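Could you use the hints to bring the two separately framed chains together as a complex?
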Amino acid sequence: DVKVTQSSRYLVKRTGEKVFLECVQDMDHENMFWYRQDPGLGLRLIYFSYDVKMKEKGDIPEGYSVSREKKERFSLILESASTNQTSMYLCATGTSGNTDTQYFGPGTRLTVL
Amino acid sequence: QKEVEQNSGPLSVPEGAIASLNCTYSDRGSQSFFWYRQYSGKSPELIMSIYSNGDKEDGRFTAQLNKASQYVSLLIRDSQPSDSATYLCAVTEGRTDKLIFGTGTRLQVFP
Chain A
1 DVKVTQSSRY
11 LVKRTGEKVF
21 LECVQDMDHE
31 NMFWYRQDPG
41 LGLRLIYFSY
51 DVKMKEKGDI
61 PEGYSVSREK
71 KERFSLILES
81 ASTNQTSMYL
91 CATGTSGNTD
101 TQYFGPGTRL
111 TVL
Chain B
1001 QKEVEQNSGP
1011 LSVPEGAIAS
1021 LNCTYSDRGS
1031 QSFFWYRQYS
1041 GKSPELIMSI
1051 YSNGDKEDGR
1061 FTAQLNKASQ
1071 YVSLLIRDSQ
1081 PSDSATYLCA
1091 VTEGRTDKLI
1101 FGTGTRLQVF
1111 P
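Chains A and B supply the protein sequences, listed in that same order. The opening position of the first sequence corresponds to residue 1 in our numbering, with each subsequent residue numbered one higher. The opening position of the second sequence corresponds to residue 1001 in our numbering, with each subsequent residue numbered one higher.
Only chain B is shown next, with the shape it has when bound in the complex (with noise of 0.2 Å):
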């Protein structure tokens, strides 16, 4: 069973922090990996991708890849109130379209 793997918190940060979300995934095989922020009652919002070992930045937003180690991480910079939500972290099955999600790690940023 492959399987991504991520803290379902909360995570608790105070605002203007840095907000650290990790995932790790079974699958060697995966190509592409992404990261969706979901509000409560909503549907899940596409905020980074990231396809190679590394950093990639996006705004407040810097997504870090370590295909070695399996493990994926979203670093939020400068932590806002409406940061609050649930974060997804998704992979791919392998060399196919198909993702893998994880359950999600619900993040609380506190003025």
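Chain A extracted, bound-state conformation (with noise of 0.2 Å):
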């Protein structure tokens, strides 16, 4: 089975702050996402990363940052966290090719007061 997990499964920060999310896979997957899902909008990438130390914006990338130093570890940067980053906040894994599956971490539910 894939794990997937994820630092807090809640999380309570103020505005300005930096605010680190981390998510560990162990399978091994190239691939790592970071979603956040808010009602009405659905799923929305931030970014995702195919290789270690690789990274590429996803649709909504501003405000935050990632790094992967470690293939089994990405974690999402908040560099100044605000209150319209209050949202749940998504990991995913996956391998690359043609089946294209993604497995999810639990989630990090974010507030910024």
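Check the hints yourself; a few may be wrong.
[Claimed, not checked] Which residues of chain A face chain B? A partial, calculated answer using Cβ under 8 Å:
hint, residue
1, 31
2, 45
3, 61
4, 63
5, 90
6, 96
Keep in mind the hints are simulated off the structure, nothing from the lab. Everything numeric in this text was worked out from a predicted model, so none of it was measured. Glycine included, each C-beta is placed from N, C-alpha and C at the ideal position.
In structure tokens form, the structure reads like this:
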């Protein structure tokens, strides 16, 4: 079974704080993804990585950065948290190639006050 | 803008009935198609994948793909109250590894 873990289930931060969300997978998958999910807007891709130290912007990268120093670990960084970044953050992992299946972690519900 | 469209619902069906969930997509280059189930407050869970035209069955679930019509559907036979959830349709963005998600259809199965 694919196992994807995220560092926190719930997180409360203050405006302007730097926030780190971490995702770890144990399946040796090449691809890792960060999404946010908001009511009525669905899942939106923030960043993804297809290899160590490689990253590509998704649809909504503004205000976020990422780091992938090891294959199993993909971090999402909010440089200066703002209230409009209150959301559910979901990490996903997957293999590259024809199947493209993605498996999700449990999610982190972030509240920025 | 490449899109995946789903009716938001709720779709209400009685226990034991067939639930039919539909999805259309705009990217003709999409190669892979998925259905995820998401319970309230939880993360999406993969339930079906389909890669070629036709039907694919797995237990009570059947996925149907029609690439010419850019249409994907999910049938749930013998619906149970535990099937009550939001169902997300996802398709690959062209030949990339990225997925485009619909906003989901909420299914309610009542006893």
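Results of checking the hints against the structure:
1. Given the 8 Å rule on beta carbons, the hint for residue 31/A holds: about 5 Å separates it from the nearest Cβ of chain B.
2. Restraint check, residue 45/A versus chain B: the minimum CB separation of about 6 Å is within 8 Å; hint holds.
3. Given hint, residue 61/A at the interface with chain B, is violated; its Cβ is 13 Å from that chain's nearest Cβ, farther than 8 Å.
4. Using the Cβ-Cβ criterion of 8 Å, the hint placing residue 63/A at the interface with chain B is not satisfied: the shortest such distance is roughly 20 Å.
5. Taking 8 Å as the C-beta contact cut-off toward chain B, the hint placing residue 90/A at the interface holds, the least distance being around 6 Å.
6. Because the smallest distance between the Cβ of residue 96/A and any Cβ of chain B comes to about 5 Å, under 8 Å, the interface hint for this residue holds.
Violation of the numbered hints given earlier is confined to hints 3 and 4; the remaining hints are satisfied by the structure.
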